[in-house]
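Peer 1: Each chain, written out:
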Amino acid sequence: MEIKKLDTLPEKMIIPLRQHRGAVCEPLVKKGDRVLIGQKIGESAEYQSSAVHSSVCGEVIAIEEAPHPDGNKVMSVIIQPEDSNESVEFSACKDVKSDQLAQFIKESGIVEHYGMPTHAVLRPKGKKIDTVLINATSSEWIGGTFKTPGDYASQMIDALKLLMKAAGAKKGAIVLRTDDKESINAFEGIEVDNKKLKVSPLIGSRNVGYYFNEHNSDIVIVSQERIFGKKILNFFTYRVTGRNVNIGCSPTDVGVAVCGIKSAKALYDAVHEGVPFYDTVVSVEGVSNKMEYILVRIGTPFKDVIDSFGYTGAIGKIIANGVRTGVAQYTDQVPVTKGTTRITIQKPEEVIRDEAIECIHCARCVDVCPVELIPSRLAVMADQGRFDECRQIHIENCIECGDCAAVCPSKIPILQLIRYAKDAIEMAYEDLPEKESSNLKVGCGCG
Amino acid sequence: MTYTISAPPHKKTKFDFKTLNYSKIIALLPLCLAAIYFFGIPALGIIVVSVVSAVVTEFAIQGIFKQKVTITDGHAAMMGLMLALLIPPEAPLWIPAFAAFFSISVGKHVFGGIGSYIFNPVLVGWIFTRSAWSGYMTAASIPHIGQFSDLILEHGAGLMVGVSPILLIGGVYLIYKRYIDWRVPFSFFATMIILPQALLFISGVMDLVHKGSLNPLMYMSQMFALFSPSPELSYSMIGIVFFGILFMATDTATSPVTKKGRIIYGITCGVLVFIYGHFANYVDGVLYGIFLANCVASFIEINTMPASFGTMSCAENAYRRVMDKIPSSLKFEVINNE
Numbered sequence: 491m492e493i494k495k496l497d498t499l500p501e502k503m504i505i506p507l508r509q510h511r512g513a514v515c516e517p518l519v520k521k522g523d524r525v526l527i528g529q530k531i532g533e534s535a536e537y538q539s540s541a542v543h544s545s546v547c548g549e550v551i552a553i554e555e556a557p558h559p560d561g562n563k564v565m566s567v568i569i570q571p572e573d574s575n576e577s578v579e580f581s582a583c584k585d586v587k588s589d590q591l592a593q594f595i596k597e598s599g600i601v602e603h604y605g606m607p608t609h610a611v612l613r614p615k616g617k618k619i620d621t622v623l624i625n626a627t628s629s630e631w632i633g634g635t636f637k638t639p640g641d642y643a644s645q646m647i648d649a650l651k652l653l654m655k656a657a658g659a660k661k662g663a664i665v666l667r668t669d670d671k672e673s674i675n676a677f678e679g680i681e682v683d684n685k686k687l688k689v690s691p692l693i694g695s696r697n698v699g700y701y702f703n704e705h706n707s708d709i710v711i712v713s714q715e716r717i718f719g720k721k722i723l724n725f726f727t728y729r730v731t732g733r734n735v736n737i738g739c740s741p742t743d744v745g746v747a748v749c750g751i752k753s754a755k756a757l758y759d760a761v762h763e764g765v766p767f768y769d770t771v772v773s774v775e776g777v778s779n780k781m782e783y784i785l786v787r788i789g790t791p792f793k794d795v796i797d798s799f800g801y802t803g804a805i806g807k808i809i810a811n812g813v814r815t816g817v818a819q820y821t822d823q824v825p826v827t828k829g830t831t832r833i834t835i836q837k838p839e840e841v842i843r844d845e846a847i848e849c850i851h852c853a854r855c856v857d858v859c860p861v862e863l864i865p866s867r868l869a870v871m872a873d874q875g876r877f878d879e880c881r882q883i884h885i886e887n888c889i890e891c892g893d894c895a896a897v898c899p900s901k902i903p904i905l906q907l908i909r910y911a912k913d914a915i916e917m918a919y920e921d922l923p924e925k926e927s928s929n930l931k932v933g934c935g936c937g
Numbered sequence: 172m173t174y175t176i177s178a179p180p181h182k183k184t185k186f187d188f189k190t191l192n193y194s195k196i197i198a199l200l201p202l203c204l205a206a207i208y209f210f211g212i213p214a215l216g217i218i219v220v221s222v223v224s225a226v227v228t229e230f231a232i233q234g235i236f237k238q239k240v241t242i243t244d245g246h247a248a249m250m251g252l253m254l255a256l257l258i259p260p261e262a263p264l265w266i267p268a269f270a271a272f273f274s275i276s277v278g279k280h281v282f283g284g285i286g287s288y289i290f291n292p293v294l295v296g297w298i299f300t301r302s303a304w305s306g307y308m309t310a311a312s313i314p315h316i317g318q319f320s321d322l323i324l325e326h327g328a329g330l331m332v333g334v335s336p337i338l339l340i341g342g343v344y345l346i347y348k349r350y351i352d353w354r355v356p357f358s359f360f361a362t363m364i365i366l367p368q369a370l371l372f373i374s375g376v377m378d379l380v381h382k383g384s385l386n387p388l389m390y391m392s393q394m395f396a397l398f399s400p401s402p403e404l405s406y407s408m409i410g411i412v413f414f415g416i417l418f419m420a421t422d423t424a425t426s427p428v429t430k431k432g433r434i435i436y437g438i439t440c441g442v443l444v445f446i447y448g449h450f451a452n453y454v455d456g457v458l459y460g461i462f463l464a465n466c467v468a469s470f471i472e473i474n475t476m477p478a479s480f481g482t483m484s485c486a487e488n489a490y491r492r493v494m495d496k497i498p499s500s501l502k503f504e505v506i507n508n509e
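Chains as they are written, first to last, in this note's numbering: chain A, 491 to 937; chain B, 172 to 509.
A few of these clues could be false.
Here are the simulated DSS-like pairs of lysine-lysine, each with C-alpha atoms no more than 27 Å apart in a straight line [claimed, not checked]:
1. B:Lys239 to B:Lys189
2. A:Lys901 to B:Lys182
3. A:Lys793 to B:Lys182
4. A:Lys618 to A:Lys587
5. B:Lys183 to A:Lys793
6. B:Lys431 to A:Lys901
7. A:Lys494 to A:Lys780
8. A:Lys837 to B:Lys185
9. A:Lys780 to B:Lys182
10. A:Lys837 to A:Lys502
11. A:Lys563 to B:Lys182
12. A:Lys901 to B:Lys189
Among the chain A residues that face chain B by a calculated CB cut under 8 Å, a handful are [said to hold, decoys possible]:
13. Lys807
14. Ile809
15. Val813
16. Arg814
17. Gly816
18. Ile850
19. His851
20. Cys852
21. Asn887
22. Gly892
23. Ala895
24. Val897
25. Ser900
26. Lys901
27. Pro903
28. Gln906
Covered by chain A, per the in silico footprint, the following chain B stretches (three or more residues, Cβ under 8 Å) [to be verified]:
29. 174–181
30. 187–201
31. 282–288
32. 417–426
33. 469–479
Calculated from the structure, these hints are not laboratory results. Every residue gets a Cβ at the ideal spot worked out from N, C-alpha and C, and that includes glycine.
If we strip away everything but chain B, and leave its shape as in the complex, we get:
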């Protein structure tokens, strides 16, 4: 009788890269259906062309370079689908075909394939076509904002991704299932909410300064501005921002791996998107902002390497130093050693 021997662990999770990709595709399907309903057959054409082009490109590249063909893992298909959602449905079909080709070839395989690319391939393809053929890539309309019903069906959507922000709820389910990490989306979204409010507060204070107001209560009252939704806040609720938060920024290879790093990366994304959105527009701003954040992702990663386990952080050290000086009779904290 022969037995298999191998190194531990002898039981592993069934979750793998394939599952991750296909679950992301499934999470995006409701949105695709809504987009097809909204824009009609051209939207379907763009999705199909983009996905097919991405898969064929990957197959061709891996075939030519005699690598193992990995189109079945769904990564190329997922990239193609995400890219299609960012292309206006009026664009001619060669646009998605070229964009998907560019994404997979330059964005992914030039950098070394799965896990090695530094820029999200979808954004690489999108930014290239956006810059090269900006006429075709400009959306016909921009999202309406301000009404709650726009969350369910956005009539002003120019891109497929914008048709129904609520249908991106699949991404939230993926976070709940721990298929994608919560730190990046959470800190990204929080930044996107806090920054417009802070801006409202600052501009209120600046107004008072210009008027020459000296009453401190007037300045204090500006604090309430933090709680009244600023007009810019509703830009954080459009489809493409949700898409960016849930699917673009959480792309595993282009975000840092350290715990602290992921939070900082989310905040970086939020700040960049806000700056871009505030001075230009939010639809392009999300994609350019995340692209710029990708540039600093590995910088964030190497600077947030955790210290050796059990090492006290700066704050803990300071707290210890203070607490050690206080006589124990005054302390409320739990006594560690008997």
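The following block holds chain A by itself, in its conformation from the complex:
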């Protein structure tokens, strides 16, 4: 599959100093400085953070609060790019020691697509990781960054080994999607440590533990059905490894680190070429009849990405990270960050405008809910402010996948109501776990 590369330089690059969950980086440059490609422009001493690098060569024109695709404003370095490919010297560092690899990952600015810095996933404080999973189910096939599917497969295996080394884990698995034939063919019969591997489906209780035994190998490749959602990691871990992750815990609590394709690829590049994480592939939906893929530098505003496809029609909605759980943007001057995977454009006539009517108890939401909740009941309770009763029917289990709201024939904003209740509960109870992420904070300076 063809992949475009965004060659034109935008007027300005907006590089947020926080592209991960955790501490905001301190800027290392000041207004008027000239920066080079790959130069580190922000870092933080906190463990839970990740360095930020410049993706262009140019002059810093401001360091100020700028829109971020998650809906808030974040301190960002704004760079006026110049037409030059001058970069800092990249040096491959293939023989990093296991214990320094985590620090190396932090320095290279590698971040998971769900926001956690990769090193914090691999070496969480006070926890021991024994299994590393690469989740290749939600990322679309990112062909352009690899020359052939074979490259993709072999690099992923190498990256998995690196991740395992960084985490000090013994076992590793790559999880594909059952309907993604291209990737499955790429991985079928690949050799690891002189052993041919098969792509094995996850069925019933045959999880990775079973396949580790059956294939007698420390690395296995498995496939599973597609699952959606934002807080899906616990569910994913349960499906793949059979380990039950309690509500409020993360997969790292049961010794599992979940990484994405992008961070795996970024790590591979960082180790083999010394290149930090400053460009990423995003899929763009809605600009043409098919899904487009484009390699962009981090910090490029959405506007330039959309313009590069020659799209001139009216835009009703710009959505970052997919129509199911993504965030609608109020401006097109938001940058692509490390966490951006997809930009969706909806024409004004495609924007849905529904009027919610009463629940008709059709139970479609109950049928689609992956975590066995009664979303219709939760929505009613949340609407009436009966948050205690929401808790009694396990609202905290909700992974916010949005399936319930998508299938509702009464067009009730179930997901929004559930989030509202969750926020209220969070403020009232202190025994609840820390929240993973929030799209909008009440009273923020946006819009």
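Chain B: place on chain A using the hints.
Peer 2: Below, chain B alone, put in the same frame as chain A:
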């Protein structure tokens, strides 16, 4: 340039309440045509009067109480149509008019409108008129049973709904399209098949007991009764039973929302209809049975709330307890952890 912002999801299904109602009406149209062919113009009169009365009632109520008028969503029309199918074609036209008025006003709006009513409005209207003017509401004939051709065209049908069980296939298509849920119809129908067979078996055994038979093989042979169709089974194949299974019991607001609850609700419907049908008649039994099952629907719902995700059920717990005691060398099950 301004953009719309809203909470996710940004893409939703096109399926809505209106589609659901109109698809149910369309699924019932073949049956209406067959009924008009069978009973002639009086049937058409009843259908038209019932539908118009239902829609006008809803329009008037929402107008008087200054609510948003929702007659275009097809819900009132669907209720009127379903009600018409349950009224004998010989009845005078004021019967469907009043029944539809009663359904929509008392059955639906008194309880709070769409999604809030606890009894199926069609049944409310039907039961009221059935009790008040039972002379008019008694069908002139009861369905013949036993012949296969009765499935295609029922010559003994007294109600419009009974003329052709096979034409209710539209309801099965709706299940296939997931417009209506499969759990209630499936468990309802299964119960309606199993109970007559079980009764046949039990009565066979009781006969032997009365005769004083001591041969255990005789009792064993009664097991075969389970596989030979009982005479009562053909009552499960009449039009009104199919109608009840596919359209009455699956009414969304009056059935539970939990997965387990819907299966239990279907079984409850089946048991009640069978008891009613066995001791009285199946034509009334279906409607009264479902009406009684509506009473317990919310009770079933609150008692079948699912546990927190990942909690092991009673059976799983017991299985775990047994399996944990068995040494692993004897186990055939997949080893979970390496």
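Peer 1: Against each hint, give a clear statement of whether it holds in the structure.
Peer 2: Status of each hint after checking the structure:
About 15 Å separates the Cα atoms of Lys239 of chain B and Lys189 of chain B, which keeps this hinted pair within 27 Å; it holds. At most 27 Å may separate the alpha-carbon atoms for a hinted pair to count; Lys901 of chain A and Lys182 of chain B meet this at roughly 11 Å. Distance check on the hinted pair: Lys793 of chain A and Lys182 of chain B sit about 22 Å apart at the alpha-carbon level, within 27 Å; holds. Taking the CA atoms of Lys618 of chain A and Lys587 of chain A, the gap is near 18 Å; set against the 27 Å cutoff, the hint holds.
Using a Cα cut-off of 27 Å, the hinted pair Lys183 of chain B and Lys793 of chain A holds, with the two alpha carbons roughly 26 Å apart. With a CA separation close to 25 Å, the supplied pair Lys431 of chain B and Lys901 of chain A stays within the 27 Å bound. At roughly 14 Å between alpha-carbon atoms, Lys494 of chain A and Lys780 of chain A fall within 27 Å of each other, so this suggested pair holds. As the CA atoms of Lys837 of chain A and Lys185 of chain B are separated by approximately 17 Å, the hinted pair is consistent with the 27 Å bound.
For a cut-off of 27 Å, the pair hint linking Lys780 of chain A to Lys182 of chain B stands: about 17 Å separates their Cα positions. Restraint check for Lys837 of chain A and Lys502 of chain A: satisfied, since their Cα atoms lie roughly 26 Å apart, inside the 27 Å limit. A threshold of 27 Å between alpha carbons decides the hint, and for Lys563 of chain A with Lys182 of chain B the separation of about 26 Å falls inside it, so the pair holds. A distance of roughly 12 Å separates the Cα atoms of Lys901 of chain A and Lys189 of chain B; the hinted pair therefore holds under the 27 Å criterion.
Using the Cβ-Cβ criterion of 8 Å, the hint placing Lys807 of chain A at the interface with chain B is satisfied: the shortest such distance is roughly 5 Å. Taking 8 Å as the C-beta cut-off, the interface hint given for Ile809 of chain A holds, the closest approach to chain B being about 5 Å. Hint status for Val813 of chain A: holds, given a least beta-carbon distance of 4 Å to chain B, under 8 Å. Interface restraint check for Arg814 of chain A: the shortest CB-CB distance to chain B comes to about 5 Å, inside 8 Å, so the restraint holds.
The interface hint given for Gly816 of chain A holds, since its Cβ lies 6 Å from the closest Cβ of chain B, which is under the 8 Å cut-off. The beta carbon of Ile850 of chain A is positioned within 8 Å of a beta carbon in chain B (closest approach about 4 Å), and the interface hint is therefore held. Taken as an interface hint, His851 of chain A checks out: its beta carbon lies about 5 Å from the nearest beta carbon of chain B, inside 8 Å. A distance limit of 8 Å between C-beta atoms decides the matter here; for Cys852 of chain A the minimum to chain B is near 4 Å, and the interface restraint holds.
Because the beta carbon of Asn887 of chain A sits about 5 Å from the nearest beta carbon in chain B, less than 8 Å, this interface hint is met. Satisfaction of the interface hint for Gly892 of chain A is found here, the shortest Cβ-Cβ separation to chain B being roughly 4 Å, below the 8 Å cut-off. Taken as an interface hint, Ala895 of chain A checks out: its beta carbon lies about 5 Å from the nearest beta carbon of chain B, inside 8 Å. Among the interface hints, the one on Val897 of chain A holds; its C-beta lies about 5 Å from the nearest C-beta in chain B, closer than the 8 Å criterion.
About 6 Å separates the beta-carbon of Ser900 of chain A from the nearest beta-carbon of chain B, less than 8 Å, and the hint is met. Interface restraint check for Lys901 of chain A: the shortest CB-CB distance to chain B comes to about 7 Å, inside 8 Å, so the restraint holds. At a threshold of 8 Å, the smallest CB-CB gap from Pro903 of chain A to chain B is about 6 Å, leaving the interface hint in force. Below 8 Å, beta-carbon pairs count as interface contacts, and Gln906 of chain A has one with chain B at about 4 Å; its hint therefore holds.
Only residues whose beta carbon comes within less than 8 Å of a beta carbon in chain A count, and the stretch 174–181 of chain B has 8; three or more means the coverage holds. Here's how the stretch 187–201 of chain B fares: 4 of its residues keep a CB closer than 8 Å to some CB of chain A, so the rule of at least three is met and the hint holds. Counting residues of the stretch 282–288 of chain B whose beta carbon lies closer than 8 Å to any beta carbon of chain A gives 4, which reaches the threshold of three, so the coverage claim holds. Look at the stretch 417–426 of chain B against chain A: 3 of its residues bring a Cβ nearer than 8 Å to a Cβ of that chain, three or more, so the hint holds.
Check on the stretch 469–479 of chain B: 4 of its residues sit with their Cβ under 8 Å from a Cβ of chain A, so the three-residue criterion for coverage holds.
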